[in-house]
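*Asks:* Sequence:
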Amino acid sequence: MDFLPFLDQLWIARIPLLKGIGLTVAISALAIVAGTILGIFVGLGLTYGHMLVRLVLRGYTDFIRGTPVLVLVLASYYVLSTIGLQLDPFEAGVLALAVFCSSHVAEITRGTLGTIPVGQIEAAKAIGLTFSQTFAYVLGPQAMRLGLPAWVNTAAEMVKASTLLSIIGVAELLLRTQEVISRTFMSLPFYFFAGLLYFAVNYAIERFGRYVEAKTHIPR
1170 MDFLPFLDQL WIARIPLLKG IGLTVAISAL AIVAGTILGI FVGLGLTYGH MLVRLVLRGY
1230 TDFIRGTPVL VLVLASYYVL STIGLQLDPF EAGVLALAVF CSSHVAEITR GTLGTIPVGQ
1290 IEAAKAIGLT FSQTFAYVLG PQAMRLGLPA WVNTAAEMVK ASTLLSIIGV AELLLRTQEV
1350 ISRTFMSLPF YFFAGLLYFA VNYAIERFGR YVEAKTHIPR
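Mind the numbering: the sequence shown is residues 1170 to 1389 in our numbering, read in order.
Derived by calculation from the structure, the hints in this document are not laboratory data. Small disclaimer: the values here were computed from a predicted structure and weren't measured. Hints may be right or wrong, so weigh each one.
[Stated by the list, open to error] Capping the alpha-carbon separation at 30 Å, the derived lysine-lysine pairs in BS3-like fashion look like this:
(1) Lys1188 x Lys1329
(2) Lys1384 x Lys1329
(3) Lys1294 x Lys1384
[To be verified] Label pairs and their in silico Cβ distance ranges:
(4) Lys1294 x Ile1206: 22 to 30 Å
(5) Gly1191 x Ala1383: 26 to 34 Å
(6) Phe1354 x Tyr1247: 30 to 38 Å
(7) Arg1376 x Gln1255: 35 to 43 Å
(8) Leu1254 x Leu1221: 24 to 32 Å
(9) Arg1223 x Ser1301: 15 to 23 Å
(10) Glu1375 x Phe1354: 44 to 52 Å
Glycine included, C-beta positions come from ideal geometry on N, C-alpha and C.
All chains should be built: construct the whole structure from the sequences, respecting the hints.
*Replies:* Printed below as a string of structure tokens:
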């Protein structure tokens, strides 16, 4: 393969590809933030909720985790429209990824909170802290340190899962790359270049996780 023609076509396609990677980052960031927030609340319910609440949330997490992301994407876009909830492809994609992310974050939250001794909660109650204060000052920071590696893996999975949104017409990086390939017929170099961009995004997430882990590390 001659490298110069590829560079020439890459320069021509720079704007669509930049828009594609920008949309991929936006979708992933929204899904990760929304999914993390929802997952924390679900995880709290799984750990400390009433038995009926735990049963419902357990069904939610098991169902979502056992459902392929592609099915969630298609359901968010096509099924919700049949009940009057009309979402555009971008909104449907973010919703599907956020829901999938929340199920994994919920399990991370439940698992990390379960390792914290109950005596810490009792001590917080003894000094008059409310549950929200207990979570903010006692449970949350410890759970974050314990669950950070698993959360980084989940965030990276959301970036990779964003490629599935091309099925419903979201012009993220993969769809933009396929459009360029259909014009240039340079499939291997452009797919390789797209892979490098996805790697760069996930590497940035991994480095961010290491930075937070270093900042929150407690020397023994």
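*Asks:* Next step is simple, just say for each hint if it's right about the structure.
*Replies:* Evaluation of the provided hints:
no., hint, result
1, Lys1188 x Lys1329, "17 Å, holds"
2, Lys1384 x Lys1329, "27 Å, holds"
3, Lys1294 x Lys1384, "28 Å, holds"
4, Lys1294 x Ile1206: 22 to 30 Å, "25 Å, holds"
5, Gly1191 x Ala1383: 26 to 34 Å, "29 Å, holds"
6, Phe1354 x Tyr1247: 30 to 38 Å, "32 Å, holds"
7, Arg1376 x Gln1255: 35 to 43 Å, "39 Å, holds"
8, Leu1254 x Leu1221: 24 to 32 Å, "27 Å, holds"
9, Arg1223 x Ser1301: 15 to 23 Å, "19 Å, holds"
10, Glu1375 x Phe1354: 44 to 52 Å, "34 Å, violated"
Hint 10 from the list above is the single one not met by this structure.
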